[in-house]
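Number of protein chains: 2
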Amino acid sequence: MPTVIAVDAMGSDRAPKPEVEGAILAARQHDIHVLLIGPEAEVRAELRLHSSAPLEQLQVVHASEVIGMNEKAAHAVRAKRDSTLRVGLRLVRDGKAAGFITAGNTGAAMATAKMVLGALPGVDRPALAAVFPTAQGTASIMLDVGANVDSKPHNLEQWAVMGDIYARAIFGVEHPRVGLLSIGEEEAKGNELTRAAHQLLKQLPLQFVGNVEGRDLYNGNVEVIVCDGFIGNVALKVSEGLVETVGYILKETLRSTITRQVGFLLSRRAFEEFKKRLDYSEYGGAPLLGLKGVCIVSHGSSNAHALKNAIRTAAEFANANINAAIARGLSSARSQSAGDGNH
Amino acid sequence: MPTVIAVDAMGSDRAPKPEVEGAILAARQHDIHVLLIGPEAEVRAELRLHSSAPLEQLQVVHASEVIGMNEKAAHAVRAKRDSTLRVGLRLVRDGKAAGFITAGNTGAAMATAKMVLGALPGVDRPALAAVFPTAQGTASIMLDVGANVDSKPHNLEQWAVMGDIYARAIFGVEHPRVGLLSIGEEEAKGNELTRAAHQLLKQLPLQFVGNVEGRDLYNGNVEVIVCDGFIGNVALKVSEGLVETVGYILKETLRSTITRQVGFLLSRRAFEEFKKRLDYSEYGGAPLLGLKGVCIVSHGSSNAHALKNAIRTAAEFANANINAAIARGLSSARSQSAGDGNH
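Chains as they are written, first to last, in numbering that gives the first Met the number 0: chain A, 0 to 342; chain B, 0 to 342.
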């Protein structure tokens, strides 16, 4: 039986075009059935532009409202009761879809997912995970990258367990190395949050390598990096800004002479490749981990290819039963620390 | 009269060679007199290797102890009472040098500077400021980048005033735009610290542009970015790691064919140029702002050129009377908010 994935057809900057094309690609290339969520007439009109679409694998589910990129999440989620986010996530909750993806408003997606799906047992706050490319060609997973600010030590503890399971289930890493983002490798370095979280992470039944620094995000020394969502979001945005600036400066410096232009074209290609890898939508979107259901958030600028990857990732998450594994992992972490407490 | 700058001769990874060479360059190129602080025999031996050194502008001041890069700052500062850091900063305190620079242990430098020089009136915590290159060729100043964690809103308020004065006095920016690093532009976005700091920064008599995001570090939209030292340090280290990785990937991708090698050599040059600009020692080191005296910290990997720049920057800081300007700025900010409170 094909996996069924619900897709917010109205999320991206150029919706519904990339969503519909991404759904067609996913249906063709993978054994996936896609439910396209949005204003029925508009989505059907886009679908009709693709005469060879595998219509038997695509279905439109009507939702009359769209939450815009710049709408305040809290208000929009309450006010728009028939939003694509709410309709899509209800399909997941009711077992009619195995997962949901959106390239829309991240804050609204998180708020709606928490409300409609709820958190897994043992999870106090779901976290958004992003994947970064490393110099070694591997991937490093950072969480949280923006779903939570002012986190508590036990939040970071739970995210360590989630990140470990994500690296195993989706990237096939047998013993993921898990690091705590801080500003010095020694245990005592960092701030109040990291010092307290360090003590909790040490007790977990996973390969905790201790504090790591900002540069470890890209060197492949760890597979999972845990941090507060404010820090993770700054790390993500600083990276995006720096890559844009490096690209701009390479271009400016290299286009001044003909010979340099040759260099530019070649290095530009390599650089664009890296830039694409940095754009997390290329990795199939950022999963919101710790929910009773699969929910993936993609960049607003996603194209059909990125959305196809996100749809495939959602199916992989569903088929790997990652949520059940997280619930089990958290429960065994809890009982192990309880056991340790009895010594 | 030449400006006198005290230089820790034993700070950098290859000390005292780059320090002595940097001092010779600074003495030759600028009207600066350098006091080289370190074990006298060792420093003199290095000096003797440079037969044409302008010895009338260079003087060795003996200090018997060196604090290593990996020593715990708090302990080393207490235990080593004749360290190069303490001897050098005492010369500043006693008016025998206009400023001090070190490429050694940042934590130990900060602790010693706070102890020996003390903070300016109105400054609760001095901050380390780093300079980032932008796509527009301008510089953006970020503070704090690691001297303080778990900062309070009034710390960020004071750093905004210091950053504003730094941008004016050293970079000649007439009306620096000052931003608060957060994870969304709206006033209400961010964490507890940024929301409270936002209200304080709004009241300051400077051009506060509101919240900025990680990407604004490199796009030249602001001249000053204020944040907690944990966040600033992560931003700095993420940047260093990403630039290393981009350099590595460009190299790997481009060296596979002869034509690509041409491209590589050309783009490599442009990239190395940017990398050098990112390395803050190229800008003359990171000043510790808010002290009763000038203290500049350079990278441990600094070469003679970078140390010469740091010595020149220290002289510029001293001659611009930046500390007096900071004290005045903080006092006028305080009286203005007090006045506002009386309406």
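Everything labelled a hint here was simulated from the structure, so no lab data went into it.
Hints may be right or wrong, so weigh each one.
No copy is singled out in the list; a pair is fine if it fits within one copy or between any two copies.
Computed cross-link-like contacts, DSS-like style, restricted to lysine-lysine with a CA-CA straight-line distance of at most 30 Å [unchecked claim]:
#1 K188 / K71
#2 K16 / K151
#3 K71 / K201
#4 K274 / K201
#5 K188 / K250
#6 K71 / K151
#7 K151 / K274
#8 K151 / K188
#9 K95 / K188
Computed from a predicted structure; not experimentally measured.
Right, here's what the structure says about each hint:
no.: 1; hint: K188 / K71; verdict: between (37 Å within a copy, 10 Å between copies)
no.: 2; hint: K16 / K151; verdict: neither (41 Å within a copy, 47 Å between copies)
no.: 3; hint: K71 / K201; verdict: between (38 Å within a copy, 22 Å between copies)
no.: 4; hint: K274 / K201; verdict: neither (35 Å within a copy, 36 Å between copies)
no.: 5; hint: K188 / K250; verdict: neither (39 Å within a copy, 34 Å between copies)
no.: 6; hint: K71 / K151; verdict: both (25 Å within a copy, 27 Å between copies)
no.: 7; hint: K151 / K274; verdict: neither (33 Å within a copy, 36 Å between copies)
no.: 8; hint: K151 / K188; verdict: both (17 Å within a copy, 19 Å between copies)
no.: 9; hint: K95 / K188; verdict: neither (48 Å within a copy, 35 Å between copies)
Figure legend: structure checked against the earlier numbered hints; hints not met, in rising order: 2, 4, 5, 7, 9.
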